[in-house]
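As a plain string of letters, each chain reads:
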Amino acid sequence: MPLSIGSQTKHVNMAACMSENGSDKKLEFFLKVPFPSEREATIALQSLSPDPEPRKGGITKNLDVSGQTLSVRWTADEARILRVSVSSFLDHLSLVMETMDAFGPPVSQ
Amino acid sequence: MTVVIGFEGSANKIGIGIIRDGEVLSNPRRTYITPPGQGFLPGETAKHHRSVILTVLQEALDEAGLKAADIDCVAYTKGPGMGAPLVTVAIVARTVAQLWGKPLLGVNHCIGHIEMGRLITNSQNPTVLYVSGGNTQVIAYSERRYRIFGETIDIAVGNCLDRFARVIKISNDPSPGYNIEQMAKKGTKYIELPYTVKGMDVSFSGILSYIEDAAHKLLSTGQCTPEDLCFSLQETLFAMLVEITERAMAHCGSQEVLIVGGVGCNLRLQEMMGVMCKERGALLFATDERFCIDNGAMIAQAGWEMFRSGQVTELSDSWITQRYRTDEVEVTWRD
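Residue numbers (numbering that gives the first Met the number 0), protein chains in the order written: chain A, 0 to 108; chain B, 0 to 334.
The set of hints was computed from the structure by calculation and includes no laboratory data.
Ideal Cβ placement from N, Cα and C applies to all residues, glycine included.
Each hint can be trusted.
Restraint-style ranges between C-beta atoms, simulated for each label pair:
hint	chain 1	residue 1	chain 2	residue 2	range
1	A	Asn61	B	Leu218	54 to 60 Å
2	A	Gly56	B	Ser208	32 to 38 Å
3	A	Arg79	B	Asp316	27 to 33 Å
4	A	Phe29	B	Asn124	52 to 58 Å
5	A	Pro33	B	Arg144	43 to 49 Å
6	B	Ile152	A	Ser107	50 to 56 Å
7	A	Ser107	B	Val311	17 to 23 Å
8	A	Gly56	B	Thr320	16 to 22 Å
Please model the complete structure; the sequences and the hints are all you need to start from.
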């Protein structure tokens with residue numbers, strides 16, 4: 000699905016699936032976000048990972064960088080909780096991207 | 000020469016300021032104002048901040064005439080405050096700190112107010128009354144901590160004022176407290192309200208319930224005007240604040256009072272505190288609305304002090320927190 004910020008359209012891969020585990024139905028959601036460089040993907044990771052989920056239970060979120068891609072993985076007990084968390088994350092992600100567009104590119108290290 | 004940029008957005012004000020060695024180079028700010036009768040909620044406030052933050056950031060740099068390379072440190076509000084707005088602002092601060100290759104510093108919002116007050120007024124070692132919509136504390140410095148001598152045991156004094164303003168539908172522009180202050184000047188009748196000082200501490204939620212109830216009864220029967228209620232509420236709340244400030248001063252043998260926080264703009268509060276100070280031969284310090292209302296420069300100033308004394312916040316430790324006590328911070332920049 001395309002995530003458009005200004006003139007840049009990034010194609011973001013999303014997948015949701017339900018895995019049955021006896022009586023436990025856990026929902027899973029994956030997101031892969033490409034960045035122009037590994038450095039920028041890492042910057043996004045470090046900006047988006049420090050804050051804990053507002054809701055303590057019922058959801059987990061894991062962020063990781065591999066090459067130029069930021070990948071995010073959620074597991075949740077209920078669709079409603081998952082939806083709120085993903086929606087909130089996408090808002091924050093687009094804020095990071097807009098900030099990078101306006102105040103980037105990263106300085107050379 | 001040390002230049003620090005500070006990001007503040009813990010309540011409905013979003014401000015970004017730049018300080019260079021005690022000089023405020025820029026301090027732009029925007030306020031999220033809700034219609035009369037409504038308060039500001041976390042989600043909507045965060046949305047407001049998100050929509051203006053990058054513009055305000057550019058303004059801060061332009062007004063200071065600086066580029067990213069000129070900044071030495073990026074400071075932001077770690078807490079306390081409302082979760083969603085804090086996160087929005089922290090995300091931008093973290094991102095620019097990394098883009099620009101600068102160290103990050105998480106600042107306690109209350110300490111931001113105190114350090115800005117000290118910078119602007121040049122007071123030496125005052126008893127601090129910190130009063131705003133979110134906080135009400137009496138603070139004094141001792142051995143590397145800002146110690147809380149007295150505080151509200153329930154809601155902040157500014158919260159009491161703001162919620163009363165909603166009941167009688169006072170405008171929130173520029174702030175409900177400012178409009179209550181203007182109306183209070185025209186009040187003529189004193190309505191007796193509960194007076195709830197609890198030793199070193201204060202309580203406001205009882206007064207709020209009482210005056211909400213009284214407002215409905217007295218206004219509908221025409222026994223008093225909204226101006227009379229504003230006047231009576233201010234007199235009661237502020238007398239309580241003066242009492243607990245004086246109590247702390249007596250404990251510390253202090254001869255200086257510094258009022259910080261949005262409610263500190265109130266001239267009637269300053270007047271009443273001034274009377275008490277004069278009786279004790281003490282000096283009163285206060286700042287104007289540029290600095291007593293939440294702003295970015297105050298975070299930059301606290302950040303400047305912290306950075307110069309060797310503190311830095313690692314990105315993994317840069318999480319925001321809604322609860323952050325003033326005395327949790329080690330004040331490494333003072334003896």
